[in-house]
Amino acid sequence: MLIKDGIRMDGRKPDELRPIKIEAGVLHRAQGSCYLEWGGNKVMAAVYGPREAIPRHIQHPLKAVINARYNMVPFSVSDRKRPGPDRRSVEISKVTSEALEHVVFTGLFPRTMIDVCIEVLGAEAGTRCAGLTAAAVALADAGIPMRDLPVACAAGKIDGTVVLDLAGDEDCEGEADMPIAIAPRTEEILLMQMDGHMTYQEFEEALELALKGCREVSKLQKEALLRKYETKNEVAP
Amino acid sequence: MIEEGRLVLPGDRVAISEELQAGEGTYEHGGDIIASVAGTFTVDRKRMRAVVEPVNAGPLLLKPGDIAICEVKQITDSMVIVNILHIAGRKRRIAGSNDAVLHISNISNDYVESTGKTFRVGDIIRAKIIEVGNGIRLATKENNLGVIKAYCTQCRNPLIRKGNVLECPICERTEERKIAADYGEGNID
Numbered sequence: 002m003l004i005k006d007g008i009r010m011d012g013r014k015p016d017e018l019r020p021i022k023i024e025a026g027v028l029h030r031a032q033g034s035c036y037l038e039w040g041g042n043k044v045m046a047a048v049y050g051p052r053e054a055i056p057r058h059i060q061h062p063l064k065a066v067i068n069a070r071y072n073m074v075p076f077s078v079s080d081r082k083r084p085g086p087d088r089r090s091v092e093i094s095k096v097t098s099e100a101l102e103h104v105v106f107t108g109l110f111p112r113t114m115i116d117v118c119i120e121v122l123g124a125e126a127g128t129r130c131a132g133l134t135a136a137a138v139a140l141a142d143a144g145i146p147m148r149d150l151p152v153a154c155a156a157g158k159i160d161g162t163v164v165l166d167l168a169g170d171e172d173c174e175g176e177a178d179m180p181i182a183i184a185p186r187t188e189e190i191l192l193m194q195m196d197g198h199m200t201y202q203e204f205e206e207a208l209e210l211a212l213k214g215c216r217e218v219s220k221l222q223k224e225a226l227l228r229k230y231e232t233k234n235e236v237a238p
Numbered sequence: 084m085i086e087e088g089r090l091v092l093p094g095d096r097v098a099i100s101e102e103l104q105a106g107e108g109t110y111e112h113g114g115d116i117i118a119s120v121a122g123t124f125t126v127d128r129k130r131m132r133a134v135v136e137p138v139n140a141g142p143l144l145l146k147p148g149d150i151a152i153c154e155v156k157q158i159t160d161s162m163v164i165v166n167i168l169h170i171a172g173r174k175r176r177i178a179g180s181n182d183a184v185l186h187i188s189n190i191s192n193d194y195v196e197s198t199g200k201t202f203r204v205g206d207i208i209r210a211k212i213i214e215v216g217n218g219i220r221l222a223t224k225e226n227n228l229g230v231i232k233a234y235c236t237q238c239r240n241p242l243i244r245k246g247n248v249l250e251c252p253i254c255e256r257t258e259e260r261k262i263a264a265d266y267g268e269g270n271i272d
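Chains W and X, in that order, are what the protein sequence lines are.
Every position in the first sequence, counted from 1, becomes a number in the working numbering once 1 is added.
Every position in the second sequence, counted from 1, becomes a number in the working numbering once 83 is added.
There could be a bad hint or two in this list.
[To be verified] Here are the simulated lysine-lysine pairs, BS3-like style, with alpha carbons at most 30 Å apart:
no.: 1; chain 1: W; residue 1: K95; chain 2: W; residue 2: K22
no.: 2; chain 1: W; residue 1: K64; chain 2: X; residue 2: K211
no.: 3; chain 1: X; residue 1: K146; chain 2: X; residue 2: K129
no.: 4; chain 1: W; residue 1: K64; chain 2: X; residue 2: K174
[Unchecked claim] Chain W residues, not near chain X, derived (Cβ > 10 Å throughout):
no.: 5; residue: G7
no.: 6; residue: D11
no.: 7; residue: P20
no.: 8; residue: V27
no.: 9; residue: E120
no.: 10; residue: E176
no.: 11; residue: Y201
no.: 12; residue: E205
no.: 13; residue: K223
no.: 14; residue: E231
It should be emphasised that the hints constitute simulated quantities derived from the structure, not laboratory data.
Note that CB positions come from ideal geometry on N, CA and C, so glycine has one too.
Full structure from sequences and hints, please.
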């Protein structure tokens, strides 16, 4: 029983997000950084570069390559996670890089690489959304020109109800989970994945809900950046 | 058009294309002028362009006139090949390749007998960037440009300036260089 009388196990309504906290510019040696808490997720993102891409064969003569690295630290989950890249984190790194590549003006920095390091310090369903959202703030904090400030949020289905932002047990026991990332100004979809099954009507409902979630998270991202730049003039190199 | 001096973020619409053209820190999409970096919105009235002055300097792209601190990597008859380590006044690393060349004709206003009499491998030099298009080219034709730290070619001890030459305090060798006015003071910005 994941949902009862329209209230979920953690007391949320079906269209409610978990509490989110975003802070920009937390690391001194990174060009841009962000710390984000999203329910039980704790994510740190750092941006380094653009720098000369090495080894040379990965350079693109016309644009920068984005090298996102999603990593879960061993203590991020209750059973120790074996450190190092695995199939899941390699996939998330890939889809995150591809989502970010569509918003960054990569053409301005040919032959370079932009490193985006996403460290998951605590995990509770929806880490790829949390990671991408944090990475977007870190990229903006690094002063890298972008079309838009991308944002991600998931929607899914539990006990036959379409809900926003699945939490830990809902993700494990639920019927479907669909993370999406968008460029909020145009609402172009940068990333969409789905685990489980939904009917077409449910899918459309979930997409609408996830877009609504993205809009809310986008506001928090912008607040975090404005808060940093309005209060202190000290910025990362 | 939003009011000038407002803090904007990437993706924020600052104006429409009938009002202004897209300048630094902005781009045009579907008739809108949109900020591409976080910064302060201003209008360049001379050219009627929307400009976003970034809150931080952003990626380090080299441009002619920048002062570079470099390490000499290789010396040929006509070229000095260096690695750019730092750009004066910037903290960020260079976006792109840091290989650069200094041609013998750009070393000094005086006659240069050979490149080896002006620079040696391992020297730290200050140079001005004169071209970035097809490979980075440097010049040291000014008083404050040239070697800012050099090592003895025999014992690798730091050399000390004695008038127009450099002297090794250990083996008492003297060496010739194109010396910057502030040799040995450690100024890199």
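Hints, one by one, checked against the model:
1. W:K95 x W:K22: The hint holds at about 25 Å.
2. W:K64 x X:K211: With a Cα-Cα distance of about 26 Å, the restraint between W:K64 and X:K211 holds, given a limit of 30 Å.
3. X:K146 x X:K129: Given that 30 Å is the threshold and the Cα spacing comes to 24 Å, the pair holds.
4. W:K64 x X:K174: holds (23 Å)
5. G7: Label holds. Min Cβ-Cβ 34 Å, cutoff 10 Å.
6. D11: holds (31 Å)
7. P20: holds (22 Å)
8. V27: It holds; W:V27 is separated from chain X by about 15 Å at its closest Cβ, greater than 10 Å.
9. E120: holds (21 Å)
10. E176: holds (34 Å)
11. Y201: Answer for W:Y201: holds, closest chain X Cβ roughly 30 Å.
12. E205: holds (25 Å)
13. K223: The assertion about W:K223 is violated, with a minimum of 5 Å to chain X.
14. E231: violated (6 Å)
Violated hints, listed in ascending order, are 13, 14; each of the other numbered hints is respected by the structure.
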